[in-house]
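Novice: One-letter residues, chain by chain:
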Amino acid sequence: MEHNISVNLKIWRQRGPKEKGQFVNYKLDNVSTGSSFLEMLDMLNQQLVERGEEPVVFDSDCREGICGMCSLYINGHPHGPVQGITTCQLHMRKFNDGDTITIEPWRSAAFPVIRDLMVDRNAFDKIQQAGGYVSFNCGGAPDANATPISKEVADTAMDSATCIGCGACVAACKNGSAMLFVSAKVSQFALLPQGQVERKRRARAMVRKMDELGFGNCTNTGACAAECPKNIPLSNIARLNREFINAKCSE
Amino acid sequence: MYQMISDDNPYETPMMIFPASHYTMGGIWVDYELQTSVKGLFAIGECNFSDHGANRLGASALMQGLADGYFVLPYTMQNYLSDQIKVARSTFDTSHPEFDKAEADVRARIQRLMDIKGTKSPDEIHKRLGHVMWNLVGMGRTLQGLVKAIDEIEEVRKEFYNDLRVVGKADDLNTELEKALRLEDFLVIARMMAIDALNRNESCGAHFREEYQTADGEAARRDDQYMYVSCWKYTGDNVKPILIKEPLNYEAIKVQTRNYKS
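Chains as they are written, first to last, in my numbering: chain A, 1 to 251; chain B, 1 to 262.
Careful, some of the hints might be misleading.
Said to hold, decoys possible - Result set (DSSO-like, lysine-lysine): computed pairs, CA atoms no more than 27 Å apart in a straight line:
no. : chain 1 : residue 1 : chain 2 : residue 2
1   : A       : Lys10     : A       : Lys126
2   : A       : Lys27     : B       : Lys179
3   : B       : Lys101    : B       : Lys117
4   : B       : Lys169    : A       : Lys20
5   : B       : Lys120    : A       : Lys18
6   : B       : Lys127    : A       : Lys27
7   : A       : Lys10     : B       : Lys169
8   : A       : Lys27     : B       : Lys120
9   : A       : Lys10     : B       : Lys179
10  : B       : Lys39     : B       : Lys101
11  : A       : Lys18     : B       : Lys179
12  : A       : Lys27     : B       : Lys254
Please keep in mind that the hints were generated in silico from the structure rather than gathered at the bench.
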């Protein structure tokens, strides 16, 4: 049942990208275990504002796990200790009375801190703009069953397309690699007919942009897939490697 | 998903459900080319009023975003751009007096909010506004409720301009200021929604006026009086918007009442 707990928060505060940051401790009482993690932070911010202090800056938007805006490294895990969810889907019932909760921003060279827990994830947009789309006019809707696609292929493409671009994979990776993100975006098109026309160009362009923006290399550790809130599997990275080699060989 | 949010297994305990409004019909007025009343400014996707009727279903937003972005805008925007090609590139700079005025207006607006120095955070006032809208301009609306809502929105507005507190600085990344600026806009929109709901003396789609219902409790439309889209022209934050009626003329279909029962 719902009850109230007290938590000790250890939060990374940093005024700007070039400034030195530090952990600041806060104690928060009367937190309902039914509230979400972000509601808990809203509560903290309300108390800070009442004291005339500046609130902790963090990103969020839909708060239902589909937009990819929320981030946060909670107790050493991107999106917190629970598997397969985003930070906004994490509830305070997962914590105990008196727990100390450490909250950090995504830490990666390609995602500079803007303020406190908010980081700049424009690098992902740039990778997407390099080729994460279908740009030709495919005409009107074709007749049903004119282009059969097996359920297995449709499901795999759909699973890849569930990537919300939050950046947890980069944050989790010891090398700061964006391979899981890029592989998901390449896979969702490489598997389907409408993605074929630009298939090679897409793989080349997106990988080139990823390298250019300062993301690290992949060493197949698998931390990305383990921490991904949408459970994007590592097999996407294998597919991306294949797509990329294929594209390069036919240059 | 339910278990993740509520911590109850719906296979074992009954699900807790209640009706709620999850979408607000309408949006920015656009013409058939999705251009707003500001020439050269296009509004596509959920923010415009164009594709849904008096109600909408799940995934309408996705359909609208895709249709507007893929199929409409790439063709209609060209009509506008084809005239623009005659405008010399050299005239595109920020030296126009309009730019200075726009910048000065925004700075003044921000300064005004920073100078209030009251006691209530934007979130506190936003929640108060939210309760007014939820209770009085929500799923069931009445004449008395809407009149009351307009008064209460005015009170929230007064509280906003007299007791708002924005911590931090204006020339910094300030999420409190961002919330305050959004809330200032919400106050204008909230008032307009209440005025619109009060004007429409019928039940239609998602707009349910409790006075206008059938014997079975279904929405009772009054097509003889309200077969139009209500477009509200903005004339200032404190001035009542002006109603422009766009008649609904159906040529290919016969207007009927949707019936889920037979």
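Novice: Against each hint, give a clear statement of whether it holds in the structure.
Specialist: Here is how each hint holds up against the structure:
1. Between the alpha carbons of Lys10 (chain A) and Lys126 (chain A) the distance comes to roughly 33 Å, so the proposed pair goes past 27 Å and is violated.
2. A distance of roughly 25 Å separates the Cα atoms of Lys27 (chain A) and Lys179 (chain B); the hinted pair therefore holds under the 27 Å criterion.
3. Our distance criterion of 27 Å between C-alpha atoms is met by Lys101 (chain B) and Lys117 (chain B), whose separation comes to about 26 Å.
4. With a C-alpha separation of about 19 Å, the suggested pairing of Lys169 (chain B) with Lys20 (chain A) holds against the 27 Å cut-off.
5. Between the alpha carbons of Lys120 (chain B) and Lys18 (chain A) the distance comes to roughly 32 Å, so the proposed pair goes past 27 Å and is violated.
6. A C-alpha spacing of about 24 Å is found between Lys127 (chain B) and Lys27 (chain A), which places the hinted pair at or below 27 Å, so the restraint holds.
7. For the given pair, Lys10 (chain A) sits about 24 Å from Lys169 (chain B) by alpha-carbon distance, which is consistent with the 27 Å threshold.
8. Between Lys27 (chain A) and Lys120 (chain B) the CA atoms are separated by roughly 22 Å; this keeps the pair inside 27 Å, and the hint holds.
9. Proximity of Lys10 (chain A) to Lys179 (chain B) is assessed by CA-CA distance (about 25 Å); at most 27 Å being required, the pair is judged to hold.
10. A C-alpha spacing of about 18 Å is found between Lys39 (chain B) and Lys101 (chain B), which places the hinted pair at or below 27 Å, so the restraint holds.
11. Distance hint between Lys18 (chain A) and Lys179 (chain B) is fulfilled; the C-alpha atoms sit about 25 Å from each other, no more than 27 Å.
12. For the hint linking Lys27 (chain A) to Lys254 (chain B), the alpha-carbon distance of about 64 Å lies beyond 27 Å, and the restraint is violated.
When the structure is compared with the earlier hints, violations turn up for hints 1, 5, 12 and for no others.
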